[in-house]
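Enquirer: Here is what each chain is made of, one letter per residue.
Number of protein chains: 2
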Amino acid sequence: MPELETFALKGNLLYTREPSRLECFPDHYLVCENGCVAGIFPCLPDRYAHVAVEDCGSRLIVPGLTDLHLHAPQYAFRGLGMDLELLDWLDSHTFPEESRYADPVYAERAYRLFVRDLQMSTTTRACIFATIHADATLLLMQLLEETGLVAMVGKVNMDMNSPESYCETTDGSLAETERWIRESLCRYKNVSPILTPRFAPVCSGRLMASLGRLQQKYALPLQSHLSESPGEVAWVKSLFPDCGCYGDVYDRFGLFGSNGPVVMAHCVYSGREERELIRKRGVFIAHCPQSNVNLSSGIAPAKSCLQDGLKVGLGSDIAGGFSLSGFRGISDAIQMSKMHWRLQDPDIKPLSFSEAFYLATKGGGAFFGKVGSFETDYEFDALVLDDAAWPSPSELEPESRLEQLVYLGDDRCIRKKYVKGRKIVG
Amino acid sequence: MPELETFALKGNLLYTREPSRLECFPDHYLVCENGCVAGIFPCLPDRYAHVAVEDCGSRLIVPGLTDLHLHAPQYAFRGLGMDLELLDWLDSHTFPEESRYADPVYAERAYRLFVRDLQMSTTTRACIFATIHADATLLLMQLLEETGLVAMVGKVNMDMNSPESYCETTDGSLAETERWIRESLCRYKNVSPILTPRFAPVCSGRLMASLGRLQQKYALPLQSHLSESPGEVAWVKSLFPDCGCYGDVYDRFGLFGSNGPVVMAHCVYSGREERELIRKRGVFIAHCPQSNVNLSSGIAPAKSCLQDGLKVGLGSDIAGGFSLSGFRGISDAIQMSKMHWRLQDPDIKPLSFSEAFYLATKGGGAFFGKVGSFETDYEFDALVLDDAAWPSPSELEPESRLEQLVYLGDDRCIRKKYVKGRKIVG
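Quick note, the sequences are listed as chains A and B, same order. For the first sequence, position 291 matches number 291 in my numbering, and the numbering has no gaps at all. In my numbering, each number is its position in the second sequence, counted from 1, plus 1000.
Just chain A, with the same shape it has in the complex:
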């Protein structure tokens, strides 16, 4: 592989080293060396005197955003059926649509639309659910690889409590999963497999136990859903009456961090015991505020998770969420934390802007390693943002411009996008 070029971006740099503070370096240089951040400088040091400089003028430069949870095959029906709750919505919209991905022609047509939009979005890294179909999942991985985005993609497992037309046998699920792992494990530069039991109610004990062994055997990460809605939590309790909490179900089968890194979506109804297990096992939480509202699930107490030192990032949860935009994720997280404070717990303050920005960048990025910050040695994922579409009648500081951009901006604002030091948009 040719060595990556060393270069610098010049502009208004903003990032969050820690949740409590948005750091701002106006009109500074951000140097990229070997795909990583080499430093931030007011003037270029001598050793970088001859590197290429991309002058971004007054634009804002922020770390790329990580989407810790989304379902690629649901992208086609985002913003539809939003009047339904989780379990009804799965039956009426999700399962019928996902079953169509058995057809490779449909899968390619639909996945191309998804991948095109993800490439142009705020996202530089993502954890993605595909469907139960190994071949369509491999196709999705190939399309993602071509974008330059970094993604973990999972063939979904589900062998019970599912519609006849969209269900696997236990043995079939395991055989196809291992085939998919072998075909994808070393095939791509930026895209890799992640084990994906859909959620406990649709996975038999034997399936889950075997997936735990596969996780260890292939050293894979794993993603699933946890404590999303009242109906789902009650269902899990009735299926696994011996388990102390929902997370304990996964833990008993080795799917809760004991065999490798794990990210769980939602955690709206994680109680004290479950949160303690989440902390102990180092499980990441994908906080998906928009989806939790759309499906009337509730509000996850993201602020208190952050205060307790749990690992939290944001997920769009397409198509429980309808928007791929990480900006929207940030503002949704803030808004829902305000409603949580006002309506549920006056002792837990709302998320501040910097805290929510942290969740979207370094918080979720940590699932991918040193990602989501402009600290030295972090992988160089960056967005160059343009807010010229809404001129202000008076001058604003970069911090204020970023807040406004997060609330008002859309894909039009993204002028350049870098992943691991490589420009993939602009």
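Just so you know, these hints were derived from the structure itself, not from any lab. Computed from a prediction, not measured in an experiment: that's the story for all the values here. There's no promise every hint is true.
[Unchecked claim] Simulated restraints on C-beta separations: (1) 307/A to 1423/B: 16 to 22 Å; (2) 1423/B to 234/A: 53 to 59 Å; (3) 213/A to 1304/B: 49 to 55 Å; (4) 1422/B to 307/A: 54 to 60 Å; (5) 395/A to 1388/B: 34 to 40 Å; (6) 396/A to 1051/B: 48 to 54 Å.
Yeah, the Cβ is synthetic: ideal placement off N, Cα and C, and Gly gets one too.
Based on these hints, arrange chain B on the given structure of chain A.
Expert: Relative to chain A, chain B alone:
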């Protein structure tokens, strides 16, 4: 005035005659005669055989949206200071910014940016707060008149409990208000004055009583704020301990519908007594879900107001809300009604899509007369919408396309906009 041309739009027509049902006429003709809807037809009747037809192909055509509550001078700082609650945010952002509109140069620069964006938005009719400055208010009215939008615009009144730099004397406020009314009352075709006491805590009894008399004298509508946040409600209670409820304060001074049409923003904390008074006086409620979340005010029970037969529309409440988009208002109203159902009152179901669409069109439009529907004789306000930016891998019905457009769309979708039969965009 020249007679308005009779013409027809052809496309997929959608509107809500009543809240419970979205009516859809795919590939139909919508005829406009004398600025009003003359009818919907599958084929053009003979009497319209020779009128001009604007063929909108597969695009969606919906009634224009009404924004029942927004503050034009706050547009400059929308999406800023969103970490604050109402009363702090008024002191730190709102009053300092509004006081700048004493300067006509600044006012023109800022209002031009606002008016340009309002023209391109989903809004065809709006109730707008200006500032305390009569001249800047007249300037705003002039700029709005040039767009072709229909707007009611109010010079704000506030004579106590306000910062020294942004407050009026009672006599000064009344004199300037009457001057502004006289100068604006018959000056514009589409823009008219609306009395605008800011809210009870910043208006003396003498000011409010005099405004009630002005309302009667000039047959004007009136707008203000009501029961928005816990701190504000407690403040009003302490200032007017004799009043049964917040609405009763306005009512005692003749500002609650006894002297003419009234629209009150928010009503998050309107109890049984206040709602009864709202119904009795025929007061309109401007439901502003985004603002109520941003300022951590709470969630107004819009669904139960609708069920009780109260008059309800939607307001962006710029800059408590950050978005001018009425699409966003619809989805915010649905989302917040879901949280209200889940977290506050399981007996009040969430707003359905058609109910929220009704609020944004016919619900708020009613404050302007026969507005916000494609029923015969309604004023011809229409949006032609393009959803081609997000192709679906399979074909969708117009109703589904509209739901998706409301969740995913932005100003780019608005291809044509008609107000009172006149094309003002496209």
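Enquirer: Confirm or reject each hint.
Expert: Hints, one by one, checked against the model:
The hinted range of 16 to 22 Å is not satisfied by residue 307/A and residue 1423/B, whose Cβ atoms lie roughly 54 Å apart. Checking the proposed 53 to 59 Å range against residue 1423/B and residue 234/A shows it holds: the Cβ atoms sit about 54 Å from each other. For the pair residue 213/A and residue 1304/B, the beta carbons lie near 53 Å from each other, so the given range of 49 to 55 Å is met. The hinted range of 54 to 60 Å is satisfied by residue 1422/B and residue 307/A, whose Cβ atoms lie roughly 55 Å apart.
Checked against the hint of 34 to 40 Å, the C-beta distance between residue 395/A and residue 1388/B comes to roughly 37 Å, which is consistent with it. At roughly 50 Å, the beta carbons of residue 396/A and residue 1051/B sit within the given window of 48 to 54 Å.
Checked against the numbered hints given earlier, the structure breaks only hint 1 and satisfies all the rest.
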